[in-house]
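There are 2 protein chains.
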Amino acid sequence: MPPSVRPITDPALSPRMTDARAPMLREIEILDEYGARRRIHIPAERPLTVFVDKRELVTLMTLGASPEMLVLGYLRNQRLVPDLAAVESITVDWDVGAAAVRTREGIADLEQRTARRVVTTGCGQGTVFGDLMDQVGALRLPGPELARIRQGTLAGLLEVIRQQDSIHRKAGSVHGCALFRGTELLCFVEDVGRHNAIDTIAGWMWLHGVDGADKVFYTTGRLTSEMVMKAAHMGVPIVVSRNGVTHMGHELATRLGMTLFGRAANKHFLCYCGAERFDSEPIPEPASVRVVAGG
Amino acid sequence: MPPSVRPITDPALSPRMTDARAPMLREIEILDEYGARRRIHIPAERPLTVFVDKRELVTLMTLGASPEMLVLGYLRNQRLVPDLAAVESITVDWDVGAAAVRTREGIADLEQRTARRVVTTGCGQGTVFGDLMDQVGALRLPGPELARIRQGTLAGLLEVIRQQDSIHRKAGSVHGCALFRGTELLCFVEDVGRHNAIDTIAGWMWLHGVDGADKVFYTTGRLTSEMVMKAAHMGVPIVVSRNGVTHMGHELATRLGMTLFGRAANKHFLCYCGAERFDSEPIPEPASVRVVAGG
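Protein chains in written order, with full-length UniProt numbering: chain X, 1 to 295; chain H, 1 to 295.
Check each hint, because a few of them may be wrong.
Partial selection, computed: residues in chain H whose CB lies under 8 Å from chain X [what the hints assert, rightly or not]: (1) Y34; (2) I42; (3) A44; (4) R46; (5) H268.
No wet-lab data here; the hints were simulated from the structure.
Idealized CB from N, CA, C, for every residue including glycine.
Could you build all of it, start to finish, from the sequences and the hints given here?
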């Protein structure tokens, strides 16, 4: 965790967690289009079956970068635990591909709450349990007077991402998510699915008591309804994607009063909605035009 | 359906299906990085709740291009119905966002068979029910003596895709899948998730009695374990992706004896495994080199 982030969480209430590691890259031999042999790296992908109080909940396919944070964020984003204090421990064992979650009080209606299945457009955790979409009304994001972003800040943020060392650069085929305060990168996560990545960041925010109100969330993935909803649940008012937006993602963000940027790379981006938080700068006048104007 | 595909299915055994349509593009106003207003198109994304014999099964988030084929392919790829003849009708009503499936005999153990939840890296239908992965041993793909592909054919296939008119070209943020015989495009599907797209193709193949043995499956999405498994279940031995591969996708394809191509665009691609089906051509000697060699 960067020093700039001050945990506001009582350590006594933080869950005990393992720090399970597993290799994230595999090297394979391939043939190129001319039949020439080459060795390249590809990202790992491994199943992690989550047990909550000894009951099997779900199996996540993951790169395995930070499984404990992933599980914590998954429980958070699926609204399965009310707060960090409800989680006693998360124990990940890659030998058996299992994450054992112990809660302090148990989850009374776990079966019932995970019964409805919604399969979404999300890369990765394409499942949100039924009640996730029922909470739009309850969500309040900080207004433009509290949360804004300048064009230059967003361009700087994109440059930080561009220079970030990553699995994607080495092997491709993963999605990246990041949490920023201005151009300060607080947390960067990659996974084989963008939902794993955003959930891992949600877990990291919970564990370190990081509030979303003054943050910007970045993702390489598309802004579908579920991604927008998860960012809203994390309290982040400004969301940036290297990719595009779907109609439901746009509609939901508009209803939530969220600011969405897409197609964001190399200093260029589009503001899809929530432009009241965006301080754009006028297009710089080309030198040639100035000369003509002066002539 | 292109005339080149001869249905081998008895029409009497084909399910009765609606042909529900819904707009696939929405126009929205955006600001660019300089604050200039522009109107762009974004893809639709709408929930489709699938009921099988009046029991709610799942809600799919979809572009809505061919919902009946999507539902049929979903039932097929999830192994919920044994064959096309088991499905009596599929009725899609966008006003209520519902797809009503009637089976001829019912599905006895539907509850039990859909109980286990596996959340995968898939864009879109990131849920495979438990038994999907248990069938690797049972799958037999045609060997290299029956199914091969030349470098030139693959390059030609990629050119057909490049020239294909698509939602992606107009609005981005969708995945595309296609089924080819050589360079002949048989079926092209786009959806907000790559799993919706491949399932729609699986439904189309079932409905028209199209066998996968002599076909090539193309996807814009990453080759994760689930995509490989679905292609194998469709009987397609050669799979091409514009994107990359994960370790489990590679491992599974290797075990299945499937041929995987990735990073496939603009005449370039990598053969990840199953190279015995790939007839490469040597790299053309650059003119400059010939001149030097002749000097």
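Verification of the hints:
1. Y34: 4 Å, holds
2. I42: 6 Å, holds
3. A44: 5 Å, holds
4. R46: Check passed: Cβ of R46 of chain H comes within 7 Å of chain X, closer than 8 Å.
5. H268: 6 Å, holds
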